[in-house]
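Trainee: The whole structure should be built from the sequences, with the hints applied where relevant.
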Amino acid sequence: MSFLVSPVAQAHPNPPAGEPGCDPIDPAACLLPFPNNWFTQADWRADTGRRVAFKAEMMPKGATPDAWNRNDGFSPGSTLITRIPGVDLGKSGAAPVTDVGASLARNAPIVILDTQTGERWPYWAELDANATDPARQALLVHPAKNFVPGHRYVVGLRNLRGADNRMIPAPDAFARIAGRTLPRRDPLAARQAQLRPVLDRLDRAGVDRRGLYLAWDFTVAGERNLTAGMLRMRDDAFGRLGDRAPEFAVTGVKNLTREQDSRIAREVTGTVTVPSYLNRPGGPTGSTLNLGRDGLPRQLPGNTQQAQFRCEIPRGAFEAPSQASLYGHGLLGSNNEVGGGNVKAMAAEHGITFCATKWIGMADEDLPTVARALADLGSFGAVPDRTQQGFLNALFLGRDMIHERGFTANPAFRTDDGRPLIDIAKGLVYDGNSQGGILGGSLIAVSQDAKRGVLGVTGMNYSVLLNRSSDFGPYGQILDATHPDKLDQQVVLSLFQMLWDRGETNGYASGLDHSPLPRTPRHQVLMQIAFGDHQVSTVTAEIEARTIGARIHEPAIAPGRNPDRDPYWGIRPLPREPYRGSALVVWDSGSPAPPVTNTPPIGPEYGRDPHSDPRNSPVARRQKAEFLATGRVVDVCGGAPCTAPAG
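Count along the sequence shown from 1, add 19, and you get the number used in my numbering.
No lab work stands behind these hints: they were computed from the structure. Check each hint, because a few of them may be wrong.
Stated by the list, open to error - Taking CB as the label site, the calculated pair distances span:
{"hint": "1", "residue 1": "279", "residue 2": "109", "range": "58 to 68 Å"}
{"hint": "2", "residue 1": "541", "residue 2": "591", "range": "48 to 58 Å"}
{"hint": "3", "residue 1": "599", "residue 2": "208", "range": "24 to 34 Å"}
{"hint": "4", "residue 1": "540", "residue 2": "125", "range": "33 to 43 Å"}
{"hint": "5", "residue 1": "568", "residue 2": "63", "range": "26 to 36 Å"}
{"hint": "6", "residue 1": "499", "residue 2": "105", "range": "20 to 30 Å"}
{"hint": "7", "residue 1": "540", "residue 2": "301", "range": "30 to 40 Å"}
{"hint": "8", "residue 1": "110", "residue 2": "653", "range": "18 to 28 Å"}
Think of the CB as a built atom: it goes at the ideal place given N, C-alpha and C, for glycine as much as any other residue.
Mentor: Following this line, the structure appears as structure tokens:
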């Protein structure tokens, strides 16, 4: 796969430090350290009391700050970014990805503190392994579970050492700010006044300012700010729908003989008519949400989407009606992936009719838009905006699957003698893999119909995932062309994430724990991940599990297989009896552990990619089916680690 990047979009570096509006405490780049309340302003109308206030001159060229400045804080999955010349994280004692628990040690060199609870926050720290210039190598500090929406955090970096084990002195500007009170006319006086509460808060937590290298604070976007747009679309669309079934049209029915397909008896294709909240008729790729004066999506009069669907009806449904399930496809794919062998096997083995629509925004037709967005930060909003419309499309498809006047009222979903092929009394569930797992968590969090879902080989937070994915190579080439400085790239990925939160699970995870989103029932998810996955890094699934309170099947992995000091730190084990709640199950096909750096597992030392193995395992499918049917997470591995045959 290759991409052509418009010359107009190329070679626009991020603004250097020292420009007006940049934070003087970090001389590496204008938007560092990131995230940072220096780049916000007070706003009494916002739930957090803050509003992002980027200025045009701070942004990478080609991007205006308007989309970001609608945020009342930063991403709940924010990676903390700064640059510390010559730092040696090992000599400094910083917690690596293999020892998250060390981040909470009393003398940890990096401290993140939740100012509302006083709680120390777990993380891991790493230097960007992709950096080509040591002088431009980012320090990346990743939360081991998402920050709480709406909360404020303070960060302290202290007692940092170089390779020679000597203490690294604080940058001049920060040293002056952390020292004696500066005269009013001093250029740093205002920043000192703003940081004084941060330093005092760290002092009270036992972090002596005399050893500080750097300190700052940031506010996380509130849950309403992250989710209100999608919820407005859902509530408006379903409010207008009332008790009716969404309008749909069947465009194709293919009856299959056993010789043609031993598992699937009928394939049905068609379209569902969905209100469109995008700003162009029919909502083609590149569209963005049509926002009202309140900043929330509004439907242009008469604007609709024709959401394509494809359904796979198993042979068993002709004997007894089947369970209805939505299916979520993979990276930039299509609804035709519902015809994959593993999906057909799941349908046939467990009596499930799967229907899929495209994840528009992240579907095959969106590839040019995604490529452009990576080259032109200012156009990136089209990706999560259209993805939200894709969520609504899937919700309407799901309603048709279980409505008495929906699919089962059409002959395509009935036997020749008129019996329904879907048992609408069983309700709706969800199953998705890869991108279908990453986006599926968002869909489940906002669904009023599907209360349970399986997230296969999943994770969340694309800004952490991309560097670690074998899929990112060609997309990374676009970033290399437009932002060749690797430090700049990390800032760009974090800016992406601030908008992407509305189009992936990272922004909706707070609704998957014990506190559902407004007007939404509680949900449970079963996360099945592949140890050593080359495409979706399992560290991102661990972040998700900690965030939503999922429990883990233990023993999760055979002794010696996981390089972590305390594998799956902070994730509680499943109880012995069948458990009704969210869970994480690790499936091991024998592939080596992935790199402990922010690089993909590419090369012979990482073996084959096990990404597809869980869904291809009959045992894993049995676990999924039990969960979807009853909500129970059962041990199908006989009290041992779960293993899946290498596919």
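Trainee: So, for every hint listed, does it hold in this structure?
Mentor: Going through the hints against the structure:
1. 279 x 109: 58 to 68 Å: holds, 60 Å
2. 541 x 591: 48 to 58 Å: Given about 18 Å between the Cβ atoms, the range is violated.
3. 599 x 208: 24 to 34 Å: violated, 57 Å
4. 540 x 125: 33 to 43 Å: holds, 42 Å
5. 568 x 63: 26 to 36 Å: holds, 33 Å
6. 499 x 105: 20 to 30 Å: Given a distance of about 25 Å, which is inside 20 to 30 Å, the answer is holds.
7. 540 x 301: 30 to 40 Å: holds, 32 Å
8. 110 x 653: 18 to 28 Å: Check failed, 47 Å falls outside 18 to 28 Å.
Of the numbered hints given earlier, the model fails hints 2, 3, 8; all others are met.
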